[in-house]
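*Asks:* Generate coordinates for the entire structure from the input sequences, incorporating the hints supplied.
Protein chains in written order, with UniProt numbering: chain Z, 1 to 152; chain A, 1 to 152; chain L, 1 to 152; chain C, 1 to 152.
Derived by calculation from the structure, the hints in this document are not laboratory data.
Check each hint, because a few of them may be wrong.
Treat identical chains as interchangeable: a pair holds within one or across any two.
What the hints assert, rightly or not - Below are the BS3-like pairs computed for lysine-lysine, each with C-alpha atoms no more than 30 Å apart in a straight line: (1) 33 / 151; (2) 148 / 77; (3) 90 / 33.
Protein chains: 4
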Amino acid sequence: MADLTHGLSTAELTELTNRSIAAKETAYCPYSKFRVGCAILCNDGTWITGGNVENASYPVGICAERTALVKAISEGKRGFRALGVATDVKPPSSPCGMCRQFIREFADLNMPIFMYDIDGGYEVMTLGQLLPMSFGPDSLPPPSEMAKLSKE
Amino acid sequence: MADLTHGLSTAELTELTNRSIAAKETAYCPYSKFRVGCAILCNDGTWITGGNVENASYPVGICAERTALVKAISEGKRGFRALGVATDVKPPSSPCGMCRQFIREFADLNMPIFMYDIDGGYEVMTLGQLLPMSFGPDSLPPPSEMAKLSKE
Amino acid sequence: MADLTHGLSTAELTELTNRSIAAKETAYCPYSKFRVGCAILCNDGTWITGGNVENASYPVGICAERTALVKAISEGKRGFRALGVATDVKPPSSPCGMCRQFIREFADLNMPIFMYDIDGGYEVMTLGQLLPMSFGPDSLPPPSEMAKLSKE
Amino acid sequence: MADLTHGLSTAELTELTNRSIAAKETAYCPYSKFRVGCAILCNDGTWITGGNVENASYPVGICAERTALVKAISEGKRGFRALGVATDVKPPSSPCGMCRQFIREFADLNMPIFMYDIDGGYEVMTLGQLLPMSFGPDSLPPPSEMAKLSKE
Ligand SMILES: [Zn+2]
Ligand SMILES: [Zn+2]
Ligand SMILES: [Zn+2]
Ligand SMILES: [Zn+2]
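*Replies:* Written out as structure tokens, the structure reads:
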């Protein structure tokens, strides 16, 4: 039986690594010069990748993790086995809090997030470890129910 | 010679309409129930589409226009002939200011934006009309230059 | 009878100018070094100011205009006579699209926005001119209504 | 010697609780109806509060925690002893990932975050517990350095 790393075979982990690093080439980051690449392995076995896309108005930009995941969602993907994120620094960078929140909407808390440094070395944590006690879809009652609660 | 609408042939405009409307099906909008679809015609003749992707933390969501355009950019597309956005209301909705700003980074000011209502009717305005006197890449000097200016 | 500029007296316009420029000092912008100051004149005659507040994850930052306005709103202010925004460049910078959208929620379309350059010279446009055919509160039906429309 | 809870005296904790809950009244949340209040105790002993401020374009809204903190920063406050966040649900809601990231820029990792439920009961975690292995100001080299790294 093959060795698994957070549910990934050696071949899958190698592919996650390579695709995450390669995705840095797709970054549009003229302001920070901080290239980020992201690769996602979907439950159906397909791969989706993306890079960060910045804006002259910094708050309008989109990080690599959200680029890749919004692509996946808009293409109908649901259920994800792993996410990888690669940068040009060492130690590796983690997803920012906004991206952790974006991922939370769609991934299980035990989905592994592999963070690659400039040499290809990595650290790995689950989504639940990176965003403990998270605010997710189940935390938000519908407006009709909230309207009642806030009036009590 | 064929009639053109903002540079699009009749066949191209029909395809923009159909793809924008169809892209509503890819929306993930459990909070607003406000489906938005977007289609982009790239200079190379390819099409990219996307829907809005919401989040339990509302500010973390991504509108349809940004979904489609960030997909295009991360796939290496540069130069765009038209963008269409479709909703389920009438009169048609326009892109929000955040999306106009996101588009501004990558599109010419004369790129047409077609806004479709629930019946498929449309209004059209150029990016420059929707975001006059815009803040774009040329408005932002590099940090090294700004550091000098702010100290004067 | 006194001369008015977009409804402001000479003294009010001078104060808007001075407060907008002074607010640049409150900016936290270690990444862009692009200082922005904003001042708002409320209908009740009070003034609110703010600067841009950046973040290591660029998309998480908040522009000066939103800093000032969110302060005003959370302090119960409603109704605004003018907004000023000052930067260290020339010609003056305009509010980004995201800020225009944020302002749209709370200001009349004819509210003037004064944009100051590094020398204190300005250009002025109304919100409606900066964000034509805007997507505002009236554009968004409640979720219960949207749920019906999207199923038809 | 007085009992301390995460460095707060009983009187301070009571005040944090009361101010966080009272701040819910300042929320502008016509879309979610999900009122959130936030109070911050600054190192200088002053208090800053805020509520969530939503927008017809959901991603343009600002959460209560960011409202309060951006107010504090733009008023020159630096150094914070505690942050409280109150909602109308039970169990209590936590700050979303985007807010955790915004707080990260300005607060120590051991700053406590008190999360209040509708009955005033609370859970408390430090910023470092809510955003482990965070991406902060030290994680981001300046653009000039990144430009070199990405070319190697
Ligand atoms: Zn991010
Ligand atoms: Zn938008
Ligand atoms: Zn802005
Ligand atoms: Zn938040």
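*Asks:* Are the hints correct? Go through all of them and say.
*Replies:* Here is what the structure says about each hint:
{"no.": "1", "hint": "33 / 151", "result": "between (49 Å within a copy, 10 Å between copies)"}
{"no.": "2", "hint": "148 / 77", "result": "between (35 Å within a copy, 25 Å between copies)"}
{"no.": "3", "hint": "90 / 33", "result": "both (15 Å within a copy, 25 Å between copies)"}
Checked against the numbered hints given earlier, the structure satisfies every one of them.
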